[in-house]
Amino acid sequence: MIRAFSLIAHVDHGKSTLADRILQVCHAVPERQMREQYLDRMDLERERGITIKAQAIRLNFPSEDGSVYELNLIDTPGHVDFSYEVSRSLAACDGVVLLVDAAQGIEAQTLANLYLALEAGLELIPVLNKIDLPAADPERVSAELSSLMGVPAGSIFRVSGKTGEGVPELIEEVVRRVPPPKGDLEAPDRALIFDSSYDNYRGVVTFVRVRDGQFKARQKVRMMATGSVAEIEEVGVFAPTMTAVERLVAGDVGYLIPGVKNVREATVGDTITDATRPAKEPLPGYREPRPMVWAGLYPTDSDQYPDLREALDKLKLNDAAFVYEPETSQALGFGFRCGFLGLLHMDIVRERLEREFDLELLITSPSVAYEIVTTAGEILSVHNPADMPDPAAIEEVREPFAAAMIIAPSEFIGALMELAQERRGELKEMHYLSEQRVELRYHVPLAEMIVDFFDQLKSRTKGYGSLDYEFVGYVPGKLVKVEILLHGNPVDAFSAIVHRDRSYNYGKRMTEKLRELIPRQQFDVAIQASIGSRIIARETIKARRKDVLAKCYGGDVSRKRKLLEKQKAGKARMKQVGSVEVPQEAFMAALRLDDK
Amino acid sequence: MTIRPPSTSDTVGRGIYVHVPFCIVRCGYCDFNAYAGMDELAHPYVEALISEIRHRSDEGPVATVFFGGGTPTQLDSDQLGRIIDAIRDCFDVAADAEVTIEANPESVSRSKFTQLLEAGFNRVSIGVQSLSPHILAKLERVHSAERALEALGEASAAGFERRSADLIYGTPSESIADWQDGVGRILETGVDHISAYALTVEEGTPLHSWVGRGQMPPPDEDDQAMKYEWLVERLAGAGFTRYEVSNFAKGRSWCRHNLNYWQAGEYLGLGAGAHSHVSGRRSWNLKSPQGYIAKAPEVEEGFEVLGAAAAAADAAMLGIRLSGGIDLGHFQETFGVDLLESYGSPLEELMGRGILELEDGYLRLSERGHLLGSQAAMVFVSPLSELARS
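From first to last, the protein sequence lines stand for chains A and B.
Just so you know, we're using the working numbering here: the first sequence kicks off at 1305 and counts up by one.
Just so you know, we're using the working numbering here: the second sequence kicks off at 8 and counts up by one.
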């Protein structure tokens, strides 16, 4: 009598609110403890209105058919950065409820999630949510869904997560249509880790779906991908709080504490099996978490460097996708080069660091990791321009591409095509969802996606466009490293890997910007942009011509001294690049070049 | 024949400064201790000043006396005369002392100059600032260009042999021609001294807020540099010697009073907000005229005592502004500090960049370095620690 299912939706289509109503219908939480979006644990998630970590809850639902069903509700994350996590959550389910906002209609992540569910071969129940909204247009949205999924419009459920209307009926439908699990109790034990979190006292807590066999405390287990071996400390279910049980058997969804101290030893997508009688094959779909977006994180106050290191160490314990390495920048001092799944992930990490660890951080403009094939035939992964080999030693540079799915009202096609073209995008497919809404599929270099692409998309579609993207692979490209030289000295913080067609532009923009930002010195300073030994842009900061206090202030020497002291203090705060003095603000402004 | 400008070792001797804080209007660029519309305080202020003079009386010699402001000529000749008499009474003022008064064109006349001469002044410094009407308006000066030239003529006719003109250059919208034409007309008056100051935007002035609000562009560094370089050449051609960054004298008619400041000499400052430097002690008087009048003759507001190192650093910071430079041997004798040893590497860097020159034991600004004097003077101060941390 087990039903494992998930809610999937575009961001803000009301998933968490509906989950709350389902909990209420099943009397899972006493009324007085019911908070909005009960399943979103972290404060941060609550504030941003998004869910980061999938959660699984066991509920008892007394159906109209007289039986009491055990529902396992798996709440999936709902943002583009996390499609891998979504797909792992779905792999733990037997069916999904596809939620669509009755006012907004189908959006990019609705489609992306739908395809993930179809790929996983899951039973799909389309539902219109927010039917209580005055702007709701259930007829139009039903028609869209109907033509997309090939189901009769009349069969599409209509609910309101806010008022609870239609929710009991929806759960009945889930019980009827989602198939019971088909696991083998006798086969070698296998459980899929679909999420994990870190608890200061208990270490890593994994969320698992048991597919075959059973798991209990003190059992020796092995993680099939990472190879780490551990002894289970506890198994249990979320009912809705953590409740230990004697065993988790095939079909069950619950938690398993494997007694490891680092989430890296029990990563999402891995299969847990018995250490002495291991399964032959892991469950399908494991992927090494791969950071796609890189940026430098620096404490604004260099005294906070040790605190930052400690915070990163802690954060890494419960974020398997987050990586970092120490980095030193002439401009910014000591910091870390950090890898993230995507921009949202980056934002969340930064916010957690600032909030939970009370740090003030500067984050440099993000970049991606390139693959470089050397003339010696080696393949290097380079995520820091400083690590780029000499042009003469490079056979080929490959850059990561994203498949982007954009859904918007059709009147914006022109604007979207223009944007995609500016970003070196290649149109792959165009498809009308209805007369008014169009779906565009592009391949776009990831580097072009991560710099305000989403903001641009929103502004060029007056907020109506939506986006989903995922990494598709590396493609060889004409990519070069542009270095910026100040008075002949390269400045690490300003070099960048850019497309050759953009290199001149980048060089010109950067040198011009720096000419404005760097004060005049005692000598002429050349600012050059170069590719290898070729100079592609040049600006000159003319030597300072006049810097002298005009008057003698009637014998007020203290005042004259103070003015000079102040000036000297300003000079002392500047960073020395060779013989050139550069104010910290100039570095910051230039590194935020793309913010404009 | 070129005249060698004085260095730090051509010392002048002790000076007395008298501050008169009254003005007809307060100009937009001015950040001196000056007030408009306080003329009714003139009488009690003079009384207070005389009481301070008597209070601070001593036996030591005085080489120069300088009345500055504000506008000292806002006081009438009798009042000015009484102050000078009090100073002569209370101090040993040398017979050949240089006694200067600053004047603004609107507050003088032929007869007033005659009275000033009779009162004992032998040098006058006139605030001309500019001879372009649109610049005078911008600077909020109340006199015309013609009036300024007339005043210089009246001073000469009254018998002042030593006349100086104060000029301001590089005000936004001042053309090169405005500047060159103005300097030419000043030279025609036969002045023996010119002080030329680049317009600076001082905090707390109306000019500062005009620039801050974008009502006026800030002065342009290149424009000011160009005008300065032109001036140096033009004045050299007219027989003037530059002896300090902003000061030019015909022949040897330096302003000895100001020279003493740059030589880190001693001086007594009398009047509201005036600064004194006596035996390694810098002190300053209460700034507001009302406060000064109320407290006289005990008017000192604060002081700092310089340690040996600080005194040496101040002396170097001031002395480097002199075109004649710092006499390194004399400096070491006076302060016990070998500058080349104490500040070796920053000084060498500045020499390498052609900002400073070292010649025959004199350390001085190069021609180009005169415009970068702060870069050199900065070597001798320490950065403000609280700023360095922020």
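In case anyone wonders, no lab produced these hints; they're calculated from the structure.
Computed from a prediction, not measured in an experiment: that's the story for all the values here.
Treat each hint with caution, since some may be false.
What the hints assert, rightly or not - Mimicking DSSO-like on lysine-lysine, the simulated pairs with C-alpha atoms at most 27 Å apart in a straight line are:
no.: 1; chain 1: A; residue 1: Lys1879; chain 2: A; residue 2: Lys1866
no.: 2; chain 1: A; residue 1: Lys1870; chain 2: B; residue 2: Lys294
no.: 3; chain 1: A; residue 1: Lys1817; chain 2: A; residue 2: Lys1855
no.: 4; chain 1: A; residue 1: Lys1855; chain 2: B; residue 2: Lys257
no.: 5; chain 1: A; residue 1: Lys1486; chain 2: A; residue 2: Lys1565
no.: 6; chain 1: B; residue 1: Lys119; chain 2: B; residue 2: Lys257
no.: 7; chain 1: B; residue 1: Lys294; chain 2: A; residue 2: Lys1855
no.: 8; chain 1: A; residue 1: Lys1732; chain 2: A; residue 2: Lys1766
no.: 9; chain 1: A; residue 1: Lys1866; chain 2: A; residue 2: Lys1855
no.: 10; chain 1: A; residue 1: Lys1817; chain 2: A; residue 2: Lys1875
no.: 11; chain 1: A; residue 1: Lys1620; chain 2: A; residue 2: Lys1584
no.: 12; chain 1: B; residue 1: Lys294; chain 2: A; residue 2: Lys1866
Hints versus structure:
1. A:Lys1879 to A:Lys1866: holds, 22 Å
2. A:Lys1870 to B:Lys294: holds, 23 Å
3. A:Lys1817 to A:Lys1855: Given that 27 Å is the threshold and the Cα spacing comes to 34 Å, the pair is violated.
4. A:Lys1855 to B:Lys257: Holds, at roughly 20 Å.
5. A:Lys1486 to A:Lys1565: violated, 32 Å
6. B:Lys119 to B:Lys257: Holds - the C-alpha atoms of Lys257 of chain B and Lys119 of chain B are around 25 Å apart, at most 27 Å.
7. B:Lys294 to A:Lys1855: Given that 27 Å is the threshold and the Cα spacing comes to 19 Å, the pair holds.
8. A:Lys1732 to A:Lys1766: Distance of about 24 Å is within 27 Å: holds.
9. A:Lys1866 to A:Lys1855: It holds: about 14 Å lies between the C-alpha atoms, which stays within 27 Å.
10. A:Lys1817 to A:Lys1875: Holds, at about 20 Å.
11. A:Lys1620 to A:Lys1584: It is violated: about 31 Å lies between the C-alpha atoms, which goes past 27 Å.
12. B:Lys294 to A:Lys1866: holds, 18 Å
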